[in-house]
Amino acid sequence: MRRAALTATVPAIALALVALVPTGVAAAHPGAQTSYATKTPYRPQQDARSYQRVPAGFVPVFTENVSRHGSRAATGDEDGQLVLALWEKAGKEGALTPLGKSFGPEVRRLLDAMAKVGYGELSGRGKQELRDTAVRLRKRLPALFDAMPAKGERIDVVSSGKGRAVDSGTEFAGALVADDPKLGPLVGPARTDADLLYFHKSDGGAAYRDYVDNDQRLAATLKKIREQPRTGEAARGVLRKLFSAGFVDRMTAADRYTAAEAVYSLYAIAPSMSAEGDWHLDRYIAAKDASWFGYLDDAESFYESGPGFNDSDITYRMADVLLDDLFARAEAAKSGASAVGAVLRFTHAEEIMPLAALMKLPGSERPASPSRPYTYADNAWRGSSVAPMASNIQWDVFRKGSTSLVRMLYNEKETAFKTGCRPVSKGSYFYDLDELERCFDRSAAAE
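Position one of the sequence shown corresponds to residue 1067 (the numbering used here), numbered consecutively onward.
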(Lines of atoms letter the chains of each structure in order from A and count residues from 1; the text may use other names and numbers.)
(Lines give C-alpha, C1' and ligand atoms only; values in the text may rest on other atoms or scores of the structure.)
Protein backbone atom coordinates (compact mmCIF):
# COMPACT_ATOMS: atom_id res chain seq x y z
CA MET A 1 0.00 0.00 0.00
CA ARG A 2 1.36 3.38 -0.99
CA ARG A 3 2.11 5.80 1.81
CA ALA A 4 0.02 8.96 1.50
CA ALA A 5 -0.84 11.78 3.89
CA LEU A 6 -4.50 12.10 4.84
CA THR A 7 -5.83 15.62 4.37
CA ALA A 8 -9.04 17.04 5.73
CA THR A 9 -12.10 15.35 4.36
CA VAL A 10 -13.97 17.33 1.72
CA PRO A 11 -17.70 17.32 2.60
CA ALA A 12 -18.82 16.94 -1.01
CA ILE A 13 -16.64 13.87 -1.42
CA ALA A 14 -17.97 12.34 1.74
CA LEU A 15 -21.55 12.84 0.59
CA ALA A 16 -20.79 11.34 -2.81
CA LEU A 17 -19.23 8.23 -1.34
CA VAL A 18 -21.24 7.57 1.78
CA ALA A 19 -23.89 5.68 -0.19
CA LEU A 20 -21.31 3.71 -2.15
CA VAL A 21 -19.23 2.11 0.59
CA PRO A 22 -20.99 0.00 3.22
CA THR A 23 -20.65 1.24 6.77
CA GLY A 24 -19.98 -2.33 7.87
CA VAL A 25 -17.38 -3.62 5.42
CA ALA A 26 -17.11 -6.89 7.31
CA ALA A 27 -20.76 -7.59 6.52
CA ALA A 28 -20.24 -7.12 2.78
CA HIS A 29 -16.86 -8.77 2.86
CA PRO A 30 -16.93 -11.53 5.49
CA GLY A 31 -13.97 -13.63 6.54
CA ALA A 32 -10.70 -12.59 8.15
CA GLN A 33 -8.68 -13.92 5.20
CA THR A 34 -9.94 -11.15 2.93
CA SER A 35 -8.55 -8.37 5.12
CA TYR A 36 -5.01 -9.39 4.16
CA ALA A 37 -5.70 -8.32 0.54
CA THR A 38 -2.88 -9.42 -1.79
CA LYS A 39 -0.79 -10.45 1.23
CA THR A 40 -3.18 -13.38 1.81
CA PRO A 41 -1.25 -16.67 2.04
CA TYR A 42 -2.07 -19.27 -0.58
CA ARG A 43 -4.67 -22.03 -0.38
CA PRO A 44 -5.76 -24.23 -3.31
CA GLN A 45 -9.40 -23.48 -4.11
CA GLN A 46 -10.55 -26.97 -5.13
CA ASP A 47 -9.80 -30.58 -4.31
CA ALA A 48 -8.50 -32.28 -7.44
CA ARG A 49 -10.74 -35.27 -6.71
CA SER A 50 -13.72 -33.12 -7.68
CA TYR A 51 -12.36 -32.10 -11.09
CA GLN A 52 -14.35 -33.03 -14.18
CA ARG A 53 -13.24 -36.13 -16.04
CA VAL A 54 -11.08 -35.55 -19.08
CA PRO A 55 -13.14 -36.27 -22.24
CA ALA A 56 -12.72 -39.85 -23.45
CA GLY A 57 -9.66 -40.56 -25.55
CA PHE A 58 -7.79 -37.36 -24.69
CA VAL A 59 -4.36 -37.60 -23.03
CA PRO A 60 -2.33 -34.82 -21.39
CA VAL A 61 0.49 -33.57 -23.59
CA PHE A 62 1.48 -30.26 -22.02
CA THR A 63 1.02 -28.04 -18.97
CA GLU A 64 1.96 -24.43 -18.30
CA ASN A 65 1.46 -21.98 -15.50
CA VAL A 66 1.91 -18.39 -14.44
CA SER A 67 2.52 -18.22 -10.71
CA ARG A 68 3.09 -15.41 -8.27
CA HIS A 69 5.98 -15.94 -5.90
CA GLY A 70 5.16 -17.50 -2.55
CA SER A 71 4.60 -15.76 0.78
CA ARG A 72 7.44 -13.45 1.70
CA ALA A 73 8.80 -11.08 4.26
CA ALA A 74 7.90 -7.40 3.97
CA THR A 75 9.98 -5.56 1.37
CA GLY A 76 11.40 -3.25 4.04
CA ASP A 77 11.30 -2.34 7.73
CA GLU A 78 9.82 1.15 7.35
CA ASP A 79 6.42 0.22 8.82
CA GLY A 80 7.97 -1.48 11.80
CA GLN A 81 10.40 1.34 12.52
CA LEU A 82 7.64 3.94 12.22
CA VAL A 83 5.33 2.27 14.72
CA LEU A 84 8.19 1.39 17.09
CA ALA A 85 9.26 5.04 17.23
CA LEU A 86 5.67 6.01 18.05
CA TRP A 87 5.39 3.19 20.59
CA GLU A 88 8.59 4.28 22.35
CA LYS A 89 7.39 7.89 22.47
CA ALA A 90 4.08 6.79 23.97
CA GLY A 91 5.92 4.64 26.50
CA LYS A 92 7.98 7.58 27.70
CA GLU A 93 4.78 9.60 28.13
CA GLY A 94 2.96 6.80 29.97
CA ALA A 95 0.44 6.68 27.13
CA LEU A 96 0.48 2.94 26.32
CA THR A 97 -2.66 0.88 26.89
CA PRO A 98 -2.28 -2.45 28.72
CA LEU A 99 -2.50 -4.20 25.35
CA GLY A 100 -0.17 -1.68 23.74
CA LYS A 101 2.64 -2.56 26.14
CA SER A 102 3.09 -5.94 24.44
CA PHE A 103 2.97 -4.49 20.93
CA GLY A 104 6.53 -3.19 20.70
CA PRO A 105 8.26 -6.45 21.68
CA GLU A 106 6.14 -8.41 19.21
CA VAL A 107 6.93 -5.99 16.39
CA ARG A 108 10.64 -6.27 17.19
CA ARG A 109 10.46 -10.05 17.03
CA LEU A 110 8.68 -9.89 13.69
CA LEU A 111 11.25 -7.44 12.29
CA ASP A 112 14.10 -9.64 13.48
CA ALA A 113 12.51 -12.67 11.81
CA MET A 114 12.00 -10.81 8.54
CA ALA A 115 15.57 -9.48 8.59
CA LYS A 116 16.82 -13.04 9.03
CA VAL A 117 14.71 -14.26 6.09
CA GLY A 118 15.71 -11.20 4.06
CA TYR A 119 13.35 -8.34 3.31
CA GLY A 120 11.29 -9.18 0.25
CA GLU A 121 12.50 -12.78 0.19
CA LEU A 122 10.50 -16.01 0.41
CA SER A 123 9.55 -17.04 3.91
CA GLY A 124 9.37 -20.64 5.08
CA ARG A 125 5.65 -20.60 4.40
CA GLY A 126 6.23 -19.26 0.92
CA LYS A 127 8.68 -22.02 0.08
CA GLN A 128 6.24 -24.63 1.32
CA GLU A 129 3.39 -23.11 -0.71
CA LEU A 130 5.41 -23.58 -3.90
CA ARG A 131 6.56 -27.09 -3.00
CA ASP A 132 3.03 -28.22 -2.19
CA THR A 133 1.63 -26.71 -5.38
CA ALA A 134 4.28 -28.52 -7.43
CA VAL A 135 3.50 -31.88 -5.86
CA ARG A 136 -0.22 -31.40 -6.52
CA LEU A 137 0.57 -30.54 -10.15
CA ARG A 138 2.58 -33.75 -10.52
CA LYS A 139 -0.19 -35.83 -8.99
CA ARG A 140 -2.91 -34.20 -11.15
CA LEU A 141 -1.14 -35.10 -14.39
CA PRO A 142 0.73 -38.36 -13.74
CA ALA A 143 0.46 -39.55 -17.34
CA LEU A 144 2.06 -36.36 -18.64
CA PHE A 145 5.02 -36.43 -16.28
CA ASP A 146 5.49 -40.21 -16.54
CA ALA A 147 5.80 -39.94 -20.33
CA MET A 148 8.19 -36.99 -20.38
CA PRO A 149 11.48 -38.85 -19.68
CA ALA A 150 10.95 -41.35 -22.53
CA LYS A 151 9.93 -38.53 -24.90
CA GLY A 152 12.88 -36.41 -23.83
CA GLU A 153 10.67 -33.41 -23.17
CA ARG A 154 12.07 -30.56 -21.11
CA ILE A 155 10.64 -28.60 -18.20
CA ASP A 156 11.20 -24.91 -18.83
CA VAL A 157 11.50 -22.72 -15.71
CA VAL A 158 11.43 -18.97 -16.25
CA SER A 159 11.07 -16.04 -13.85
CA SER A 160 11.09 -12.27 -13.63
CA GLY A 161 14.64 -12.37 -12.32
CA LYS A 162 13.70 -10.95 -8.92
CA GLY A 163 14.99 -13.00 -6.00
CA ARG A 164 11.67 -14.18 -4.64
CA ALA A 165 10.45 -15.19 -8.11
CA VAL A 166 13.73 -16.98 -8.92
CA ASP A 167 13.58 -18.81 -5.59
CA SER A 168 9.95 -19.73 -6.20
CA GLY A 169 10.95 -21.44 -9.43
CA THR A 170 13.77 -23.25 -7.66
CA GLU A 171 11.48 -24.50 -4.90
CA PHE A 172 8.78 -25.55 -7.37
CA ALA A 173 11.12 -27.44 -9.71
CA GLY A 174 12.96 -28.99 -6.78
CA ALA A 175 9.72 -30.36 -5.38
CA LEU A 176 8.77 -31.86 -8.74
CA VAL A 177 12.11 -33.67 -8.89
CA ALA A 178 11.91 -34.77 -5.26
CA ASP A 179 8.49 -36.25 -5.99
CA ASP A 180 9.77 -37.95 -9.18
CA PRO A 181 13.60 -38.08 -9.51
CA LYS A 182 13.30 -39.14 -13.16
CA LEU A 183 12.31 -35.55 -13.92
CA GLY A 184 15.65 -34.19 -12.71
CA PRO A 185 17.50 -34.32 -16.07
CA LEU A 186 14.51 -32.69 -17.79
CA VAL A 187 14.60 -29.46 -15.77
CA GLY A 188 16.49 -26.96 -17.88
CA PRO A 189 18.58 -24.10 -16.51
CA ALA A 190 16.27 -21.47 -15.05
CA ARG A 191 15.78 -18.49 -17.36
CA THR A 192 15.00 -14.83 -16.74
CA ASP A 193 12.58 -12.91 -18.94
CA ALA A 194 11.72 -9.53 -17.47
CA ASP A 195 9.80 -8.40 -20.56
CA LEU A 196 7.47 -11.36 -20.10
CA LEU A 197 7.25 -11.60 -16.32
CA TYR A 198 8.11 -8.12 -15.02
CA PHE A 199 6.39 -6.15 -17.77
CA HIS A 200 5.13 -3.39 -15.51
CA LYS A 201 8.75 -2.30 -15.05
CA SER A 202 10.02 -3.16 -18.55
CA ASP A 203 9.97 -1.07 -21.72
CA GLY A 204 6.48 -2.30 -22.57
CA GLY A 205 5.16 -0.80 -19.33
CA ALA A 206 6.26 2.80 -19.93
CA ALA A 207 2.73 4.10 -20.58
CA TYR A 208 1.46 2.19 -17.57
CA ARG A 209 4.09 3.72 -15.29
CA ASP A 210 3.18 7.18 -16.53
CA TYR A 211 -0.46 6.43 -15.67
CA VAL A 212 0.40 5.34 -12.12
CA ASP A 213 2.72 8.28 -11.53
CA ASN A 214 0.91 11.10 -13.28
CA ASP A 215 -2.74 10.34 -14.10
CA GLN A 216 -4.82 12.97 -12.34
CA ARG A 217 -8.06 10.99 -12.48
CA LEU A 218 -6.37 8.04 -10.80
CA ALA A 219 -4.90 10.24 -8.09
CA ALA A 220 -8.20 12.00 -7.48
CA THR A 221 -10.16 8.73 -7.31
CA LEU A 222 -7.81 7.12 -4.81
CA LYS A 223 -7.82 10.33 -2.77
CA LYS A 224 -11.62 10.35 -2.68
CA ILE A 225 -11.72 6.73 -1.58
CA ARG A 226 -9.10 7.25 1.09
CA GLU A 227 -10.48 10.50 2.46
CA GLN A 228 -13.77 9.11 3.71
CA PRO A 229 -14.86 9.57 7.33
CA ARG A 230 -14.55 5.80 7.86
CA THR A 231 -10.80 6.02 7.23
CA GLY A 232 -10.34 8.46 10.08
CA GLU A 233 -12.53 6.32 12.33
CA ALA A 234 -10.57 3.17 11.46
CA ALA A 235 -7.23 4.89 12.01
CA ARG A 236 -8.34 6.13 15.41
CA GLY A 237 -9.69 2.67 16.27
CA VAL A 238 -6.37 1.02 15.42
CA LEU A 239 -4.32 3.48 17.45
CA ARG A 240 -6.64 3.50 20.46
CA LYS A 241 -5.92 -0.19 21.00
CA LEU A 242 -2.29 0.79 21.57
CA PHE A 243 -2.26 4.33 22.91
CA SER A 244 -4.27 6.55 25.28
CA ALA A 245 -7.03 8.76 23.91
CA GLY A 246 -5.07 11.91 24.72
CA PHE A 247 -1.99 10.66 22.88
CA VAL A 248 -4.03 9.79 19.78
CA ASP A 249 -5.96 13.08 19.90
CA ARG A 250 -2.71 15.08 19.80
CA MET A 251 -1.73 13.47 16.48
CA THR A 252 -2.75 15.08 13.19
CA ALA A 253 -5.23 13.24 11.00
CA ALA A 254 -2.45 12.55 8.50
CA ASP A 255 -0.16 11.12 11.17
CA ARG A 256 -2.95 8.94 12.57
CA TYR A 257 -3.61 7.52 9.11
CA THR A 258 0.07 6.86 8.37
CA ALA A 259 0.64 5.16 11.72
CA ALA A 260 -2.52 3.04 11.52
CA GLU A 261 -1.69 2.00 7.96
CA ALA A 262 1.74 0.86 9.18
CA VAL A 263 0.12 -1.23 11.92
CA TYR A 264 -2.21 -2.75 9.31
CA SER A 265 0.71 -3.57 7.02
CA LEU A 266 2.47 -5.47 9.82
CA TYR A 267 -0.77 -7.29 10.57
CA ALA A 268 -1.17 -8.21 6.90
CA ILE A 269 2.35 -9.60 6.44
CA ALA A 270 2.48 -11.60 9.69
CA PRO A 271 0.63 -14.70 8.34
CA SER A 272 3.26 -15.00 5.59
CA MET A 273 5.86 -15.37 8.34
CA SER A 274 4.08 -18.17 10.22
CA ALA A 275 6.97 -20.62 9.75
CA GLU A 276 9.34 -18.19 11.48
CA GLY A 277 7.26 -17.50 14.57
CA ASP A 278 3.92 -17.43 16.32
CA TRP A 279 2.50 -13.98 15.72
CA HIS A 280 -0.55 -12.32 17.26
CA LEU A 281 -0.78 -9.06 15.35
CA ASP A 282 -4.52 -9.60 14.96
CA ARG A 283 -4.86 -8.69 18.66
CA TYR A 284 -3.88 -5.12 17.87
CA ILE A 285 -6.41 -4.33 15.17
CA ALA A 286 -10.17 -4.86 15.25
CA ALA A 287 -11.61 -6.97 12.43
CA LYS A 288 -13.72 -4.10 11.12
CA ASP A 289 -10.71 -1.78 10.99
CA ALA A 290 -8.53 -4.41 9.32
CA SER A 291 -11.28 -4.92 6.74
CA TRP A 292 -11.39 -1.21 6.02
CA PHE A 293 -7.66 -0.93 5.51
CA GLY A 294 -7.83 -4.09 3.40
CA TYR A 295 -10.45 -2.32 1.27
CA LEU A 296 -8.19 0.70 0.83
CA ASP A 297 -5.35 -1.61 -0.21
CA ASP A 298 -7.66 -3.41 -2.64
CA ALA A 299 -8.88 -0.12 -4.11
CA GLU A 300 -5.32 0.90 -4.92
CA SER A 301 -4.60 -2.47 -6.53
CA PHE A 302 -7.89 -2.43 -8.44
CA TYR A 303 -7.15 0.93 -10.07
CA GLU A 304 -3.41 0.47 -10.55
CA SER A 305 -3.17 -3.20 -11.61
CA GLY A 306 -6.68 -4.60 -11.93
CA PRO A 307 -9.73 -3.80 -14.10
CA GLY A 308 -9.44 -0.05 -13.37
CA PHE A 309 -11.68 2.43 -15.18
CA ASN A 310 -14.23 1.15 -17.69
CA ASP A 311 -13.04 3.51 -20.45
CA SER A 312 -9.36 2.47 -20.33
CA ASP A 313 -7.28 -0.68 -20.58
CA ILE A 314 -4.00 0.94 -19.47
CA THR A 315 -3.78 -1.23 -16.35
CA TYR A 316 -3.89 -4.55 -18.18
CA ARG A 317 -3.20 -4.26 -21.90
CA MET A 318 0.54 -4.77 -21.29
CA ALA A 319 -0.29 -8.29 -20.03
CA ASP A 320 -1.01 -9.26 -23.63
CA VAL A 321 2.64 -10.32 -23.96
CA LEU A 322 2.02 -12.96 -21.31
CA LEU A 323 -1.28 -14.13 -22.81
CA ASP A 324 0.47 -14.37 -26.17
CA ASP A 325 3.08 -16.64 -24.62
CA LEU A 326 0.45 -18.87 -23.06
CA PHE A 327 -1.18 -19.32 -26.45
CA ALA A 328 2.10 -19.76 -28.30
CA ARG A 329 3.18 -22.58 -26.00
CA ALA A 330 -0.22 -24.28 -26.20
CA GLU A 331 -0.19 -23.98 -29.99
CA ALA A 332 3.29 -25.55 -30.11
CA ALA A 333 2.05 -28.46 -28.01
CA LYS A 334 -0.91 -28.88 -30.34
CA SER A 335 1.33 -29.10 -33.40
CA GLY A 336 3.59 -31.66 -31.73
CA ALA A 337 6.63 -29.61 -32.67
CA SER A 338 7.55 -28.64 -29.11
CA ALA A 339 10.17 -30.51 -27.10
CA VAL A 340 8.86 -28.89 -23.92
CA GLY A 341 6.37 -30.75 -21.73
CA ALA A 342 5.89 -28.06 -19.10
CA VAL A 343 6.50 -24.31 -18.86
CA LEU A 344 6.66 -22.93 -15.34
CA ARG A 345 6.62 -19.14 -15.00
CA PHE A 346 7.18 -17.21 -11.76
CA THR A 347 6.25 -13.59 -11.40
CA HIS A 348 4.53 -11.02 -9.16
CA ALA A 349 1.11 -9.68 -8.20
CA GLU A 350 1.62 -6.77 -10.60
CA GLU A 351 1.58 -9.29 -13.45
CA ILE A 352 -1.09 -11.67 -12.13
CA MET A 353 -3.66 -8.90 -11.60
CA PRO A 354 -3.42 -7.42 -15.13
CA LEU A 355 -3.45 -10.89 -16.69
CA ALA A 356 -6.58 -11.76 -14.72
CA ALA A 357 -8.23 -8.53 -15.90
CA LEU A 358 -7.18 -9.10 -19.52
CA MET A 359 -8.60 -12.64 -19.44
CA LYS A 360 -11.67 -11.54 -17.43
CA LEU A 361 -11.10 -14.21 -14.82
CA PRO A 362 -13.63 -14.50 -11.97
CA GLY A 363 -13.68 -11.31 -9.93
CA SER A 364 -11.80 -9.36 -12.61
CA GLU A 365 -14.60 -8.98 -15.15
CA ARG A 366 -15.90 -5.56 -14.09
CA PRO A 367 -14.03 -2.26 -14.25
CA ALA A 368 -15.45 0.74 -12.42
CA SER A 369 -17.26 3.74 -13.83
CA PRO A 370 -15.33 7.00 -13.31
CA SER A 371 -18.45 8.41 -11.65
CA ARG A 372 -18.90 5.48 -9.25
CA PRO A 373 -15.74 4.41 -7.40
CA TYR A 374 -14.91 0.77 -6.70
CA THR A 375 -16.47 -0.60 -3.51
CA TYR A 376 -16.84 -4.00 -1.93
CA ALA A 377 -20.60 -3.54 -2.11
CA ASP A 378 -20.85 -3.45 -5.90
CA ASN A 379 -17.72 -5.14 -7.26
CA ALA A 380 -16.47 -8.69 -6.69
CA TRP A 381 -12.78 -7.86 -7.14
CA ARG A 382 -10.71 -8.86 -4.08
CA GLY A 383 -6.94 -8.99 -3.89
CA SER A 384 -7.20 -11.99 -1.58
CA SER A 385 -8.73 -14.12 -4.33
CA VAL A 386 -7.37 -12.50 -7.50
CA ALA A 387 -3.69 -12.46 -6.52
CA PRO A 388 -2.89 -13.94 -3.11
CA MET A 389 0.63 -15.11 -2.43
CA ALA A 390 1.59 -17.99 -4.80
CA SER A 391 -1.57 -17.40 -6.87
CA ASN A 392 -1.45 -19.23 -10.18
CA ILE A 393 -3.10 -19.64 -13.55
CA GLN A 394 -2.57 -23.01 -15.20
CA TRP A 395 -3.44 -24.35 -18.63
CA ASP A 396 -3.40 -28.10 -19.26
CA VAL A 397 -3.46 -29.30 -22.86
CA PHE A 398 -5.01 -32.66 -23.79
CA ARG A 399 -4.82 -34.12 -27.29
CA LYS A 400 -6.71 -36.72 -29.30
CA GLY A 401 -5.74 -36.98 -32.92
CA SER A 402 -5.64 -33.48 -34.38
CA THR A 403 -7.85 -31.98 -31.66
CA SER A 404 -6.41 -30.25 -28.60
CA LEU A 405 -8.43 -29.29 -25.53
CA VAL A 406 -7.43 -26.80 -22.85
CA ARG A 407 -8.49 -26.83 -19.20
CA MET A 408 -7.77 -23.79 -17.07
CA LEU A 409 -7.18 -23.84 -13.33
CA TYR A 410 -7.13 -20.58 -11.37
CA ASN A 411 -5.58 -21.09 -7.96
CA GLU A 412 -6.15 -24.78 -8.68
CA LYS A 413 -9.87 -24.37 -9.25
CA GLU A 414 -11.43 -25.40 -12.56
CA THR A 415 -12.34 -22.10 -14.19
CA ALA A 416 -14.35 -21.22 -17.26
CA PHE A 417 -12.84 -18.96 -19.88
CA LYS A 418 -14.47 -15.58 -20.45
CA THR A 419 -18.00 -15.10 -21.72
CA GLY A 420 -18.12 -15.80 -25.44
CA CYS A 421 -15.75 -18.75 -25.32
CA ARG A 422 -17.68 -21.97 -25.97
CA PRO A 423 -16.67 -25.13 -24.07
CA VAL A 424 -16.89 -28.53 -25.74
CA SER A 425 -20.23 -29.08 -24.00
CA LYS A 426 -22.48 -27.10 -21.70
CA GLY A 427 -20.97 -26.82 -18.23
CA SER A 428 -17.64 -28.29 -19.31
CA TYR A 429 -14.31 -26.76 -18.32
CA PHE A 430 -12.64 -28.13 -21.46
CA TYR A 431 -12.27 -25.91 -24.53
CA ASP A 432 -11.03 -26.67 -28.03
CA LEU A 433 -7.84 -24.67 -28.53
CA ASP A 434 -9.14 -23.49 -31.91
CA GLU A 435 -12.20 -22.10 -30.15
CA LEU A 436 -10.04 -20.23 -27.64
CA GLU A 437 -7.99 -18.75 -30.46
CA ARG A 438 -11.21 -17.51 -32.02
CA CYS A 439 -12.58 -16.22 -28.73
CA PHE A 440 -9.39 -14.32 -27.89
CA ASP A 441 -9.02 -13.12 -31.50
CA ARG A 442 -5.83 -15.08 -32.07
CA SER A 443 -6.86 -16.93 -35.24
CA ALA A 444 -4.62 -14.87 -37.49
CA ALA A 445 -1.61 -15.40 -35.22
CA ALA A 446 -2.20 -19.14 -35.17
CA GLU A 447 -2.31 -19.47 -38.99
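Accuracy of the hints is not assured; some may be wrong.
[Said to hold, decoys possible] Below, in silico cross-link-like pairs of lysine-lysine (DSBU-like), each with a Cα-Cα straight-line distance of 35 Å or less:
1) K1466 <-> K1205
2) K1167 <-> K1267
3) K1289 <-> K1307
4) K1167 <-> K1466
No lab work stands behind these hints, which were simulated from the structure alone.
Under the constraints set out in the numbered hints, which ones does this structure not fulfil?
2, 4
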